[in-house]
Amino acid sequence: MIPLVKRKSNAGLAIVAALVAIPFVPLFLWTFAGRWRFPNLIPSEWSLRGVYYLLEPGGQVLGATTNSLLIAGAVALASITVGLPAGMALGGYEWRFKGVVIFVVLLPIIVPPLASTMGIHLTFIRLGLADTALGVFLVHLVPTVPYTAIILTSVFAERTGELEEVARTLGASPWQAFLHITLPEVAPGVAVAGLFAFLISWGQYILTVLIGGGNIVTLPMLLFSAASGNDPVITSTLALVFALPAVLALVVALRYLKPGEANERGFVGLGKVS
Amino acid sequence: MSARLELENVTHCYGRGEPALSDLSLTVEPGELVALLGPSGCGKTTALKVLAGLLSPSSGDVRVEGSSVMGITPEKRRTAMVFQKPLLFPHMNVAGNVGFGLRMRGSTEDSEQRISEALEQVQMEGFADRDPGELSGGQQQRVALARALVTSPKLLLLDEPFSALDANLRSEMRKLVKRLQREGDYTTVFVTHDQEEAVILADRIALLFDGELQMYDRPQAFYDHPASMEVARFFGATNFLEGRAENGSVRTRLGDLRLENPGPTGDVTLTIRPEAIRLEKGENSFAANIISATYLGTQVHYALESHGIRIRAALPPHVRLEVGEEVSVRLPAESLWALEG
Numbered sequence: 001m002i003p004l005v006k007r008k009s010n011a012g013l014a015i016v017a018a019l020v021a022i023p024f025v026p027l028f029l030w031t032f033a034g035r036w037r038f039p040n041l042i043p044s045e046w047s048l049r050g051v052y053y054l055l056e057p058g059g060q061v062l063g064a065t066t067n068s069l070l071i072a073g074a075v076a077l078a079s080i081t082v083g084l085p086a087g088m089a090l091g092g093y094e095w096r097f098k099g100v101v102i103f104v105v106l107l108p109i110i111v112p113p114l115a116s117t118m119g120i121h122l123t124f125i126r127l128g129l130a131d132t133a134l135g136v137f138l139v140h141l142v143p144t145v146p147y148t149a150i151i152l153t154s155v156f157a158e159r160t161g162e163l164e165e166v167a168r169t170l171g172a173s174p175w176q177a178f179l180h181i182t183l184p185e186v187a188p189g190v191a192v193a194g195l196f197a198f199l200i201s202w203g204q205y206i207l208t209v210l211i212g213g214g215n216i217v218t219l220p221m222l223l224f225s226a227a228s229g230n231d232p233v234i235t236s237t238l239a240l241v242f243a244l245p246a247v248l249a250l251v252v253a254l255r256y257l258k259p260g261e262a263n264e265r266g267f268v269g270l271g272k273v274s
Numbered sequence: 275m276s277a278r279l280e281l282e283n284v285t286h287c288y289g290r291g292e293p294a295l296s297d298l299s300l301t302v303e304p305g306e307l308v309a310l311l312g313p314s315g316c317g318k319t320t321a322l323k324v325l326a327g328l329l330s331p332s333s334g335d336v337r338v339e340g341s342s343v344m345g346i347t348p349e350k351r352r353t354a355m356v357f358q359k360p361l362l363f364p365h366m367n368v369a370g371n372v373g374f375g376l377r378m379r380g381s382t383e384d385s386e387q388r389i390s391e392a393l394e395q396v397q398m399e400g401f402a403d404r405d406p407g408e409l410s411g412g413q414q415q416r417v418a419l420a421r422a423l424v425t426s427p428k429l430l431l432l433d434e435p436f437s438a439l440d441a442n443l444r445s446e447m448r449k450l451v452k453r454l455q456r457e458g459d460y461t462t463v464f465v466t467h468d469q470e471e472a473v474i475l476a477d478r479i480a481l482l483f484d485g486e487l488q489m490y491d492r493p494q495a496f497y498d499h500p501a502s503m504e505v506a507r508f509f510g511a512t513n514f515l516e517g518r519a520e521n522g523s524v525r526t527r528l529g530d531l532r533l534e535n536p537g538p539t540g541d542v543t544l545t546i547r548p549e550a551i552r553l554e555k556g557e558n559s560f561a562a563n564i565i566s567a568t569y570l571g572t573q574v575h576y577a578l579e580s581h582g583i584r585i586r587a588a589l590p591p592h593v594r595l596e597v598g599e600e601v602s603v604r605l606p607a608e609s610l611w612a613l614e615g
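Just so you know, the sequences run in chain order C and H. Position 109 of the first sequence, counting from 1, maps to 109 under this note's numbering, and the rest follow consecutively. All you need for this note's numbering is the position in the second sequence, starting with 1, plus 274.
Worth double-checking, as some hints may not be accurate.
[Claimed, not checked] Restraint-style ranges between C-beta atoms, simulated for each label pair: (1) C:Leu69 / H:Glu292: 53 to 61 Å; (2) C:Leu62 / H:Ser330: 54 to 62 Å; (3) H:Lys449 / C:Gly99: 49 to 57 Å; (4) C:Arg96 / H:Glu504: 35 to 43 Å; (5) C:Arg96 / H:Ser437: 28 to 36 Å; (6) H:Glu383 / C:Tyr93: 37 to 45 Å; (7) C:Ser225 / H:Asp405: 50 to 58 Å; (8) H:Gly571 / C:Arg96: 55 to 63 Å.
[Claimed, not checked] In silico negatives: residues of chain H with every beta carbon more than 12 Å from chain C: (9) Asp384; (10) Asp477; (11) Glu486; (12) Tyr490; (13) Ile564; (14) Gln573; (15) Val574; (16) Glu579.
Calculated directly from the structure, the hints in this document are not laboratory data. We put the beta carbon where it would ideally sit given N, CA and C, even for glycine.
Let the sequences and hints guide you as you build the complete structure.
Pasting the structure below:
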C-alpha cells in the first residue's frame with residue numbers, strides 16, 4: 001500500500017509544481033522573443049534584447065536590483081532584530097495586557113499602509129528622511145515587523161522552556177542558554193520569518209514610491225514602468241528577475257528543511273496565532 | 275564532594291492561589307538519597323525547582339553545606355537535574371549533550387575523557403556520535419543521566435526520571451541510579467509518585483500532601499509507625515481500629531489490647547500491617563470468622579471479621595484455611611501502632 005500512497009503524493013506534487021511553473025512559461029518565451037504575433041503558439045523570431053537590457057552597462061536594472069537587495073536584506077535583518085525579542089516575549093511568557101500588546105503589534109497590518117504612510121511621509125519630510133534610502137528602509141519595516149513578530153510568536157509558543165532549564169542546571173547563564181539552546185532551536189523559524197520580511201520588502205511598490213519619491217529606484221518601480229510602457233519583452237525579463245528570490249528561497253527551503261522537520265521546527269502553526 | 279542540604283520553612287505560591295509548597299523543612303545528609311513522595315500536584319516538582327534555583331520560593335531558606343543559596347542562579351549552584359523527559363538537546367549528538375555542562379563551565383582539557391567515562395557509567399559507550407532521535411527512550415534517559423553526572427554536581431535532583439519508561443527498563447534504571455549515586459556519593463533528592471520506587475531507592479522518604487510535609491523518615495517507618503491515617507492509607511494500610519487509650523492499653527471493640535509503643539492517650543485509631551497478624555492464641559488475641567480468602571501465590575489474603583469489624587491479614591501460602599472457619603487472631607503488641615483521633 002505504501003508505494004501507492006507515495007506515487008499518489010508524487011502526482012500531487014507534480015500537479016502543484018506544474019501550477020507554479022506554467023505561468024512562467026510565457027514569461028520565459030517573451031524574454032527571448034523577437035517577434036510574437038497572435039496566432040503563433042511560440043515566437044516566430046528570437047532575440048536577446050531582454051538579456052542585453054538587463055546587463056547593459058550603466059543601465060538601470062543593476063542599480064535597482066542592488067537597491068532592492070540591500071533594502072530588503074537590511075529590512076529582513078532589522079525585522080528579525082525587533083521580531084525575535086517580541087516573539088520571545090509574546091510567545092514564551094504569560095503576562096497581563098498581552099492581548100492588547102499583540103493588537104498594537106498587529107495594527108500596522110490592520111490599518112491600510114497607504115493611510116499611515118501619508119502621515120509617516122509628512123514626518124519623514126520634517127526629519128529629512130523623505131527621498132532617502134534610510135526612509136524607504138524604515139517605512140518597509142511597517143508591514144514586515146508585525147509579520148516577523150507574529151511568526152516568531154508562534155515559534156516560541158511551541159517551546160516549553162524546559163531545554164533552557166536543563167541548560168541552566170548544567171551551568172549555562174541565561175545568555176548562554178539563549179545562544180546555545182534557544183537560538184539553534186528556533187533558527188528554522190527565524191529563517192522563515194526573515195524570508196517573509198525580505199519578500200515583503202522586495203515586493204514593495206507603493207511605500208517605496210511614496211517615501212522614496214522616485215529618488216530611490218527599486219526593481220518593482222522598473223517593473224511597473226515597463227508594464228505600463230507596453231514592452232512585453234522588457235516587462236517579462238524584469239518579472240523573471242523579480243521572481244528570482246522567491247524561487248531561490250523555495251529551492252533552499254526544500255533542500256535544507258526536511259518536510260517533517262519543517263513542520264516540527266520551522267513553519268510551526270503559522271495560522272495558530274493570527 | 276557531597277554536600278549537606280537543608281530546607282527551612284520553604285513556602286512557594288504560584289500567583290495568588292494556594293501554596294504549592296508550604297513551610298517545608300528538612301535536612302538531607304551528605305551522600306543521602308531522599309525521595310520526595312506524594313500524589314501528583316503535591317508540590318514535589320516545585321520543591322525540586324526551588325532546590326535547582328529555577329524557582330525562587332516565596333519565603334524560606336535553602337542551605338547547601340551550611341550556607342544559603344537563595345539568590346544564587348541555577349548555573350552557579352552545581353545542582354544537576356534530570357527531568358521526567360530526557361530533554362536531550364536535539365541539535366547536538368550524544369557527546370555534545372554530555373559535554374554541554376563541561377563546555378558551559380569552560381573546562382575543555384580532559385573533557386573528551388570525562389564524556390566517555392560518563393557514557394561508560396551509564397552503559398552507553400559507543401553511542402557518542404549518535405543523534406538523540408536515534409535513541410530509545412531508556413537510552414535517552416541514560417544519556418540525560420550522564421549529562422547531569424559529568425558535571426560532578428554537589429546535589430543531584432531527579433524529577434520522576436523513570437516514569438515514562440516501561441516496567442522492565444524502570445527497574446533496570448533504578449538499579450543504575452542507585453549504583454551511580456552510591457559510587458559518586460551524591461546528595462540526591464528524588465521526586466516520585468510511586469511509593470514502591472521510593473521505598474526501593476530512598477534512604478529516607480519525605481511524604482508530601484498538598485504541599486505539606488506529612489512525614490520524613492526511613493521507608494520502614496512508613497509501614498510500622500505511620501504519622502497519620504493519611505500516611506498509613508497512602509502506604510497501603512487497610513486495618514484501622516478505633517479505641518480509647520488508658521493506662522498503657524487500648525480499649526477496643528475487640529477487647530483490651532496492649533501496645534509496645536503506647537502512643538497518644540485518649541481517642542486513638544490502631545493500625546496494623548496485614549503481614550503482622552498471627553493466627554494463634556495469646557496476648558491481644560480474639561476469635562474471628564474467615565469471610566474470604568484470596569490465594570496470590572506467595573501469600574494468601576484473608577478477610578476476617580470479629581464483632582462487626584473487618585480485619586485483613588496476609589499469611590504465608592502454606593497456611594490454608596477455609597471460608598467460614600473460626601480462628602484465633604492475635605495482634606502482636608510490637609506491631610500495633612496508635613494514631614491520634
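Structure-based check of all given hints:
1. At roughly 58 Å, the beta-carbon separation of Leu69 (chain C) and Glu292 (chain H) lies within the given 53 to 61 Å, and the hint holds.
2. Take Leu62 (chain C) and Ser330 (chain H): their Cβ atoms lie about 59 Å apart, and the range 54 to 62 Å holds.
3. In this structure the hint that Lys449 (chain H) and Gly99 (chain C) lie 49 to 57 Å apart at CB holds, the actual value being about 51 Å.
4. For Arg96 (chain C) and Glu504 (chain H), the Cβ-Cβ distance of about 38 Å falls inside the hinted range of 35 to 43 Å, so the restraint holds.
5. The hint said 28 to 36 Å for the Cβ distance between Arg96 (chain C) and Ser437 (chain H), and at roughly 34 Å that hint holds.
6. Remark: the range hint 37 to 45 Å for Glu383 (chain H) to Tyr93 (chain C) is upheld by a beta-carbon distance near 39 Å.
7. The hint said 50 to 58 Å for the Cβ distance between Ser225 (chain C) and Asp405 (chain H), and at roughly 53 Å that hint holds.
8. The given range of 55 to 63 Å is respected by Gly571 (chain H) and Arg96 (chain C), whose C-beta atoms sit roughly 60 Å from each other.
9. No beta-carbon of chain C comes within 12 Å of the beta-carbon of Asp384 (chain H); the shortest separation is about 16 Å.
10. Every C-beta of chain C lies more than 12 Å from that of Asp477 (chain H), the closest at about 23 Å, which supports listing it as non-interface.
11. With a cut of 12 Å on Cβ distances, Glu486 (chain H) stays outside the contact zone with chain C, its closest approach being about 25 Å.
12. Look at Tyr490 (chain H): its CB is around 25 Å from the nearest CB on chain C, clear of 12 Å, so calling it non-interface holds up.
13. With a least beta-carbon separation of about 53 Å from chain C, Ile564 (chain H) lies farther than 12 Å from that chain, consistent with its non-interface assignment.
14. The Cβ of Gln573 (chain H) lies farther than 12 Å from every Cβ of chain C, with a closest approach of about 42 Å, so its non-interface assignment holds.
15. Every Cβ of chain C is farther than 12 Å from the Cβ of Val574 (chain H); the closest lies at roughly 47 Å, confirming the non-interface assignment.
16. No beta-carbon of chain C comes within 12 Å of the beta-carbon of Glu579 (chain H); the shortest separation is about 52 Å.
Against the hints set out earlier in the document, no violation occurs for any number.
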